[in-house]
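Residues per chain, in single letters:
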Amino acid sequence: MGTVLTVRDINVYYGAIHAIKGISFDVNKGEIVTLIGANGAGKSTTLHTISGLLRSKTGDIEFLESSIARTPAHKIVAKGISHVPEGRRIFQRMTVEENLQMGAFVSKPERIAHNLEYVYEQFPRLKERTKQIAGTLSGGEQQMLAMGRALMCDPRLLMLDEPSMGLAPILVDQIFEIIQNLHKAGTTILLVEQNAQMALSVADRAYVIETGRITLSGTGEELAKSDEVRKAYLGG
Amino acid sequence: MKTFGKRKLSPYAKDSAISYGLVTAAFVIVSILNSMGLVSSSLQGQLVPICCYIVMAVSLNLVVGISGELSLGHAGFMSVGAFTGIVISGILETSGLPDVGRLIAAILCGAIMAGVFGFLIGIPVLKLRGDYLAIVTLAFGEIIKNFMNIIYAGKDSTGFHLRTNPDLGLEPTGRMLLNGPMGATQVQRIASFTAGFILVLVTLFIVQNLMNSKQGRAIMACRDNRIAAESIGLNVTKYKLMAFTVSAALAGMGGALFGLNYSTLLPIKFNFNTSVLILVFVVLGGLGNIWGSIIAATILTILPEALRQFADYRMLAYAIVLILVMIATYNPFLRSRVMMLRDKIIPKKDKPDEGRKPRTRRKKSGKEVG
Ligand SMILES: Nc1ncnc2c1ncn2[C@@H]1O[C@H](COP(=O)(O)OP(=O)(O)O)[C@@H](O)[C@H]1O
Ligand SMILES: [Mg+2]
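The listed protein sequences derive, respectively, from chains A and B.
Residues 723 to 958 (our numbering) are what the first sequence spells out, left to right.
Residues 24 to 393 (our numbering) are what the second sequence spells out, left to right.
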């Protein structure tokens, strides 16, 4: 099983704020790896650093055996890391299908039709709404659209930042079902969540982040059973 | 735009064809009326400026409406284009080139020079966002104006001279082309209404093709949601810079034509008031709405002249008209009526750009036009 992503000792600052204090972890091919932690722990910052929007002062980030620590953000997408940012960032004024087409901006044009079909297969809800203006979709549908758009560029690694945030429980279930489907289809996923219970239930491996440091790691099952995690994140 | 949204290509192509047709029709009608002597002499004098301001408004719309960045220094690029055009035309005066050739050369050089300025200014400016960006574009507009104030240029038998002080050491037979704060004098007026019409068509062609291209989609995506645009691998700065540079180059074209329409031109003409005036065209016509820009630029250029009979109350009347148009345009009821009417005339298609909230409401433009 090959390693897709290796993050080694990254330190990230927002001006004087030291947000990430020496984090290291890796993601293997075909895995779902989850980073869980409270609000403000540094989960999104970690994803932003991987996708090149922020830079680490130390260490290295390797993707498919080459360093991407200095690669510009737009080239990292082309290399195969697709990032679904927190908070349903969609193109409000474009239709569902136009949003999806935009997702394939960096990939080969001949892949678009095939990938569109794949996304509609994974997200039947989107297929019923191809011509709808994205801004008029419900919250859950917008999250699905953001995820579908990220799949349009044939990602080798899909990074999801709190896909369940602000969704009703039934939609959370649906989103996690889709995550599992993608996993079964072979997609490698790095999942960031505050909803530790759901995340641990689908993850192969997990890391707990607290104020910029990794404090625990293990398989999803192990962490779900561990006392510390139960106390801090699973309500006892 | 080969693979991107194929189904959209034909309605867009149709849309573009309609706009070229309408502009051409307007040109033909005005030309016929003019040849029949039915156009008043004051309006005749406005024909070229109207074309210039249409080019200015459409090009600014590319930045403010399509790319979503408020720019307050558009007159600066007009200025670069105007004085470049005047210098080029002046240099070529004795070359034996026909007026048309000189005009084309002047407009092309004006566009290139303004495009270069736009690119160089865009690099630092587009690192900023929102209000900061607006203020810095304002500052650059003023810098360009002051820069033009210290440029002296002239030519004589030894060639072309460019300095930042009046002492060019010209031969007695030489001719001053740019005279610092006094601007350009004795400019040969080679601009024509036909040239203006062609320039409007060229501008429409460039802007509409850009909007419907893959790059145009990317520019609008960066406007709609910067974070999402970054997440799909768009180089946001690159696309913003592309829109800004193309806009500046088009403004340079408009400026060159404008400059060659008057025998004298002062650098101070292209001040903040002119930038705001162009912005008013764009906001009134609707952000991202190319036709709106064309109509607003035309009406608001004619209006001050038409109001001349009100003498002292002219600017007051102008401001009131602006306010009334603004109220009417942004009245939800009236807007929905207009939409319905438009959908009847032009079959419905998904317009990405209906969020035309005015980003600034400036009711007064301050200066008369032309
Ligand atoms: N743009 C920013 N500027 C300054 N500090 C920030 C910024 N974004 C996040 N932070 C800080 O960095 C820390 C980690 O934030 P973040 O990665 O967003 O946490 P999480 O995603 O785990 O909720 C927090 O203390 C937060 O306040
Ligand atoms: Mg976060």
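Hints listed in this document are in silico derivations from the structure and should not be mistaken for laboratory results.
A couple of the hints might just be wrong.
[Unchecked claim] Taking lysine-lysine pairs in the DSSO-like style, the calculated list, with each CA pair at most 27 Å apart, reads: (1) A/Lys830 x A/Lys849; (2) B/Lys150 x A/Lys801; (3) B/Lys37 x A/Lys779; (4) A/Lys906 x B/Lys237; (5) A/Lys830 x B/Lys367; (6) A/Lys779 x B/Lys150; (7) A/Lys853 x B/Lys37; (8) B/Lys37 x A/Lys797; (9) B/Lys237 x A/Lys853; (10) B/Lys237 x A/Lys797; (11) B/Lys37 x A/Lys801; (12) A/Lys797 x B/Lys261; (13) B/Lys237 x B/Lys150.
[To be verified] Partner residues are not named here, just some residues of chain B that face chain A (Cβ under 8 Å, in silico): (14) Ser215; (15) Ala251; (16) Ile255; (17) Ile350.
The C-beta atom is built at its ideal place from N, Cα and C for all residues, glycine as well.
**Study point:** Violated constraints from the hint list, given by number and in increasing order
**Key:** 3, 4, 5, 8, 11, 14, 17
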